[in-house]
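According to this note's numbering, the residues represented by the sequence shown are -8 to 187, in order.
Honestly, the hints are just simulated from the structure, not real lab data.
Some hints could be false.
Stated by the list, open to error - When the alpha-carbon atoms are kept at most 27 Å apart in a straight line, the in silico BS3-like pairs for lysine-lysine are as follows:
hint : residue 1 : residue 2
1    : K169      : K128
2    : K128      : K176
3    : K177      : K89
To be verified - Distance windows between CB atoms, simulated:
hint : residue 1 : residue 2 : range
4    : A154      : H16       : 27 to 33 Å
5    : H50       : L11       : 19 to 25 Å
6    : V102      : E147      : 34 to 40 Å
7    : Y51       : G170      : 18 to 24 Å
8    : P136      : D8        : 49 to 55 Å
9    : D(-3)     : K119      : 16 to 22 Å
10   : E103      : A130      : 31 to 37 Å
Being a predicted model, the structure only gives us computed values, none of them experimental.
The C-beta atom is built at its ideal place from N, Cα and C for all residues, glycine as well.
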Amino acid sequence: MQRLFDFWERYMRIPDDARLFLERHGIIKQFTKGAIFSQPDDARQYWCFVLEGLVAGNHYRADGQRIVRWLLVPYSYFTGTEHLFTKRSGNVHIEFLKSTALFMLRNEIAVEGQRRFWSISELFHILKQHQINRLRKYALIFQQPSHYQKYKLLVEELPEIVAQTTNEQRWHYLQISKGSYYKVKKRYLKGYIEKT
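Go ahead and model the full structure; you've got the sequences and the hints to work with.
What follows is the structure, encoded as structure tokens:
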């Protein structure tokens, strides 16, 4: 839980009553690599802050192929529902790609916290802006015309994702084949080394 407070204190002093509210209502839960948090037909009514680990939001096509919609590293958040203010599922398979620790609040408690404490509301706005910024980078990556450009932007714009993921997780995320992935990675590393 301290990681959440450390993150929060980068932006503001945490009022004691807001801190106490989160300590009283939040839980910390550990998940093993490969565990499933939720599936499209199984909404989990939680707001979750990633303390450590790696979380993926996956979609599975009819042919069984996995499409990685998003990846989250520490200091990111997600909900087990479509969004905080609904009970509907989010049409995504949320899976842990590494052993992961979450700080969790039931959705209704998270909403209550935002309403009662301006500082919790501010924290959620900060986290939302971080998420929007990350999603803009995801969109930019997938707008690139070549595998090389996608890989280059992933490495340069989302180094925190690259540091937490394996090669296989990256090629799934970029939606390119294993062979293409290693080809563009080699080209990038060769070019990167030549620039320095």
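Cross-check of the supplied hints:
1. With a C-alpha separation of about 22 Å, the suggested pair K169 and K128 falls inside the 27 Å cut-off, and the hint holds.
2. Proximity of K128 to K176 is assessed by CA-CA distance (about 19 Å); at most 27 Å being required, the pair is judged to hold.
3. Between K177 and K89, the direct Cα distance comes to roughly 25 Å. Compliance with the 27 Å bound is thereby established for this hinted pair.
4. A C-beta distance of roughly 32 Å is found between A154 and H16, which places it inside the suggested range of 27 to 33 Å.
5. As the Cβ distance of H50 to L11 is approximately 39 Å, the hint placing it in 19 to 25 Å is violated.
6. In this structure the hint that V102 and E147 lie 34 to 40 Å apart at CB holds, the actual value being about 37 Å.
7. In this structure the hint that Y51 and G170 lie 18 to 24 Å apart at CB holds, the actual value being about 23 Å.
8. Range check, P136 to D8: about 52 Å between beta-carbon atoms, so the 49 to 55 Å window is met.
9. Roughly 19 Å separates the CB atoms of D(-3) and K119, a value that falls within the hinted 16 to 22 Å.
10. Distance hint check for E103 and A130: the Cβ-Cβ separation is about 33 Å, which falls inside the suggested range of 31 to 37 Å.
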